[in-house]
Amino acid sequence: MSLDLSQQSNNDTVISLEQVWKTYRMGDQDVHALAGVDLEIKRGSFWAISGSSGSGKSTMLNLLGCLDRPTSGVYRLEGQDIAKTSDDELSDLRLSYLGFIFQNFNLIQQLTVQENIELPLFYQGVDASEAAKKSKALAERVGLADRMGHRPTELSGGQQQRVAIARALMNDPSVLLADEPTGNLDTATGDSIMEILTELHDQGKTIIMVTHEPEIAAHAQHELVMRDGKIASITQNTPVIGATS
Amino acid sequence: MIGERLYRDVRLGVKTLLLHKMRSILTMMGMVFGVGAVIAMLAVGEGASKKALDEIRRLGSQNIIINSQQAVENSGQNSQRIRMNIYGLLYDDLERIQQSFDTVVRAVPAKLIRSEGRVNSRSHELRLVGTTPQWFDLVQREILAGRQLLDRDVEQNANVVVLTEHGARKLLAGQTPVGSQVLIKQGYFKVVGVIKSESTQSGTMQTPDQNIDAYIPLNVAIERFGDITTIRGNGSRSRELVELHQLIVEVDDREHVESTAASIERMLSMFHPKGDYRMSVPLALLRQAESTQRTFNIVLGSIAGISLLIGGIGIMNIMLASVTERTREIGIRRAIGAQRKQIIGQFLIETVVLSMTGGLIGIGIGLLIPWIITMVADMPTVVTPWSVMLSVVISVGIGIIFGMYPAMRAANLDPIEALRHE
Ligand SMILES: Nc1ncnc2c1ncn2[C@@H]1O[C@H](COP(=O)(O)OP(=O)(O)OP(=O)(O)O)[C@@H](O)[C@H]1O
Ligand SMILES: [Mg+2]
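If you read the protein sequences in the order shown, they are chains Z and E. Anchor point for the first sequence: position 230 equals 229 in numbering that gives the first Met the number 0, and the numbering is continuous, going up by one each time. Anchor point for the second sequence: position 114 equals 113 in numbering that gives the first Met the number 0, and the numbering is continuous, going up by one each time.
Read the hints as simulated data drawn from the structure, not as lab findings. The beta carbon of each residue, even a glycine, is placed where N, CA and C say it ideally should be. Hints may be right or wrong, so weigh each one.
Covered stretches of chain Z (in silico footprint by chain E; criterion: 3 or more residues with CB under 8 Å from a CB of chain E, positions within the stretch not fixed) [what the hints assert, rightly or not]:
(1) 54–68
(2) 94–106
(3) 117–123
Kindly generate the complete structure, drawing on both the sequences and the hints.
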């Protein structure tokens, strides 16, 4: 790992955005997907981002997920300014600090459940036996210990999302990023996924989730609403289900 | 550690390829037949050329062979009056060649005689060669019984004969040859030995002992048979006078063969303005065969190159389709934290596994085909180790070269776009 961790300024802040702009050029017209966003996300907090279609939610999440760099402004992840990082270093940041949960689960079809869960450690170069131990523990935690040899296609949507959550936790990330994690699931299954996320939050995980369903957003501590690439409002929720902070 | 990584990467590649078994097999076919064809064709070519080269070597790559030959105008002029053709190499030519060239180790004369040979009551038409003991040093053949001609046979004008195995079978089928007496032209010749003979024809050249039944000392041959031969044919009779039918000149070094041949040619042409002789140089044939082989190899190489190119393009085509198909997988891997080079590695390993497996099966086929050809068509084939090694290297190389572009395409996909891909 070539990244310098000594830069960590404030250990309580995982993510900070200062005047972040993301501008796409469409023909001769500039589209500001993000237009001057300031945000600080503390370790252990749970955020829900909502807003109308085209307001910039996905752009925001991709940026936070180090899949993209801002056009201007400063994004610090664990104190690292990602504007100066190379493509390889961005990959390393994702590998070390981030875990992704997607709306459509995004499991790799030709791999078994176990192999999918172990993928981050595969890229970290952790040896197989250690990875197997860890994946087994995480599978147990999401209630899929008996499905380790199965293919993703043999699982229900809810089960696939649990596998995805286990995979996202495999590298002990600083932040879990979830884009509409319940969007492809029925209400009951969605609730069970939210239960897991809430539990993870209770155990101290930092979670940022995009959703347009108010009931889902209600699980978070902070509800952030986007409009036209800007933060329109941030609402603090009163804890609903057994929140500790 | 690296070994374990590679093992995991290769295992993943194999697993992925096995997901589409039929497609992988069809993709490999180009390599299988490309490599198989290369090895098989090289084996057949190598076998054919080895056979040709062996034959030429048996003619003696250090030898120059000069044969007497009737000049065309000669026969026309003389036929009306005396019907006597005088042509060919002279005893003096032998002297001159032996004396004038430093590079000549020996020059061996041959006088060809057709005569009846009789053992007990059986008689056979024989092809005899009158020659010197040096013949046996030059045309080295295995002695099956007794001995070859010796200098003392010449000195003593001895009526001795050495039979070839062919002649011995003809004359003395079943009898112990050595010590037998053969009646040739009113004289008894004692059989002193039997030697092996070889017959090889390469173009217009043949081994000197082709169709020869027996050898007698040259001086005995001259004394008994003279230089004039009567030929009966087509109801007419013609006579010809030929001193020597053949001279075989051995040169000290391969490097000197061609220059010596040119010098001898120059000298002979002075004494034989009618050109009643013909020179042949096996080495020239050898050179020609080698250059034919080179040309053959170039043609073969091109064909092989094209077929491997097609195989490679086939692999590239499938890998490009696979990259498109697996765009989302690539996006997922990149989101998790895979670097570009790891994506390149993953796809390259798949193509190399494909091309190398194809190559290895191809080698199997390439070994099998020559074997079948040898069994069925009785053609010699030689599979050279370098052609097999070359095939392995080429198939891996093809995998890397043709896999590189699809792999780069995969690695350069934007992760966000890739994740959105359906
Ligand atoms: N790659 C791109 N090229 C050009 N414009 C883009 C690109 N990505 C996003 N945009 C634009 O940026 C704006 C924000 O898009 P974004 O995808 O972040 O919206 P969103 O809030 O996720 O919407 P939705 O709820 O429909 O997913 C939109 O106007 C969109 O057209
Ligand atoms: Mg979106």
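* Provide an ascending list of the numbers of those earlier hints which the structure does not satisfy. => none
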